[in-house]
Amino acid sequence: VHVCRGNWSKQEEVLLTGDYARLLPALERMQVDQFVLEYATPRAGDIEVVGQALSDRELGLGVVNPRTDTVEPVAAIVAKAEQALAFYRPDQLFLNTDCGFGCFASRSVNVEKIAFRKLCAIVEAAQVLRAKYG
Amino acid sequence: MLKALRGYQKKTISRKAFNAVAEEEIRCTVILQELAGLDVVVDGEHRRESFYAFITDKVAGTQLMSLAEMLDFVEDKSEFEEMLRTMDMPASAVKNPTCIGRLSRREPLALEDLYFLRTLTNKPVKITLPGPYLLTRSMWVGALTRTAYRDPREMADDIVRILREELIDLRDAGCDFVQFDEPVLTEVVLSEECGRRTFM
Chain A
7 VHVCRGNWSK QEEVLLTGDY ARLLPALERM QVDQFVLEYA TPRAGDIEVV
57 GQALSDRELG LGVVNPRTDT VEPVAAIVAK AEQALAFYRP DQLFLNTDCG
107 FGCFASRSVN VEKIAFRKLC AIVEAAQVLR AKYG
Chain B
63 MLKALRGYQK KTISRKAFNA VAEEEIRCTV ILQELAGLDV VVDGEHRRES
113 FYAFITDKVA GTQLMSLAEM LDFVEDKSEF EEMLRTMDMP ASAVKNPTCI
163 GRLSRREPLA LEDLYFLRTL TNKPVKITLP GPYLLTRSMW VGALTRTAYR
213 DPREMADDIV RILREELIDL RDAGCDFVQF DEPVLTEVVL SEECGRRTFM
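Just so you know, the sequences run in chain order A and B. With the working numbering as the guide, the letters of the first sequence map in order to residues 7 to 140. With the working numbering as the guide, the letters of the second sequence map in order to residues 63 to 262.
Keep in mind the hints are simulated off the structure, nothing from the lab. Hints may contain errors.
[As the list claims (entries may be wrong)] Straight line, CA to CA, 20 Å or less: simulated DMTMM-like cross-link-like pairs of lysine to aspartate or glutamate:
no. : chain 1 : residue 1 : chain 2 : residue 2
1   : B       : Lys185    : A       : Asp25
2   : A       : Lys119    : B       : Glu86
3   : A       : Lys16     : B       : Glu249
4   : B       : Lys188    : A       : Glu64
5   : B       : Lys185    : A       : Glu18
6   : A       : Lys119    : B       : Glu87
7   : A       : Lys16     : B       : Glu144
8   : B       : Lys65     : A       : Glu130
9   : A       : Lys138    : B       : Asp101
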């Protein structure tokens with residue numbers, strides 16, 4: 007199950023803000039293998055919130071913001087994943103985009119060139135993490 | 063792609079012609095993901111109006127409506143327009159899968175997408191589907207839906223059944239990941255006015 011805070015505008019301030027704490031009672035009851043959660047945006051709050059409650063499932067960790075034009079540095083993605091590794095085993099962790107690059111046909115939030123570079127940054131970060139944690 | 067999608071929706075181009083354009087885009091998207099080196103591949107959802115409104119193409123009892131068309135049926139029109147403005151969502155850019163009759167799967171929602179994606183890659187693949195909460199919240203437009211269902215809960219039972227059937231079909235076809243998208247859950251707990259209708 008994927009949860010985010012909206013992905014229709016490049017104006018971050020019109021999208022919702024708040025961590026997952028108030029959703030935990032619902033998420034904990036869901037019989038799903040993996041939660042794919044927005045975490046690249048600071049509006050999603052602290053990883054600790056789901057790390058403490060949902061670490062019996064896999065985490066699809068959002069590490070790049072699909073709406074921004076700057077590509078997240080590999081080191082920053084690695085650091086974010088390492089925050090999650092305080093709660094999850096390496097084999098429970100997946101690196102994801104926060105949401106799609108174009109969820110509405112008439113309202114893509116990015117262009118292919120930048121989307122591709124963001125995916126490459128994710129792959130590079132995964133290589134660093136695999137070398138370090140297996 | 064957009065021109066083909068609009069043509070297909072207006073029935074000025076055939077499904078076959080639309081699919082030919084979409085398949086070319088999907089091919090490019092898969093190549094880019096493999097070039098980047100991703101472990102799990104998606105098809106880019108090029109056939110979809112949006113990640114949830116596309117179901118009007120697959121589910122009987124639905125109608126794809128622009129928000130401009132929907133305005134005639136929402137209870138507080140000016141409030142709705144104001145909400146769109148403050149959320150930076152032009153009414154022309156988003157379409158709603160409105161429920162106008164009893165819901166049933168006319169055809170699988172994403173099984174064909176899986177089959178096509180499988181022809182393009184040997185990597186594990188992910189198919190996304192809209193979640194039951196998102197669909198219930200967006201599909202219910204009281205003035206139009208009450209002709210078919212007493213309340214949103216009754217409609218939701220059919221939505222859950224349809225999604226469950228699709229999930230089982232995808233599982234049986236060997237889909238590696240099926241993801242249900244529920245962006246609206248955050249709105250329920252984070253929005254100051256969670257009772258209000260937004261565009262989702």
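Here's how the hints hold up against the structure:
no., hint, verdict
1, B/Lys185 - A/Asp25, "33 Å, violated"
2, A/Lys119 - B/Glu86, "18 Å, holds"
3, A/Lys16 - B/Glu249, "18 Å, holds"
4, B/Lys188 - A/Glu64, "15 Å, holds"
5, B/Lys185 - A/Glu18, "34 Å, violated"
6, A/Lys119 - B/Glu87, "15 Å, holds"
7, A/Lys16 - B/Glu144, "19 Å, holds"
8, B/Lys65 - A/Glu130, "36 Å, violated"
9, A/Lys138 - B/Asp101, "18 Å, holds"
Hints 1, 5 and 8 from the earlier list are contradicted by this structure; the remaining hints agree with it.
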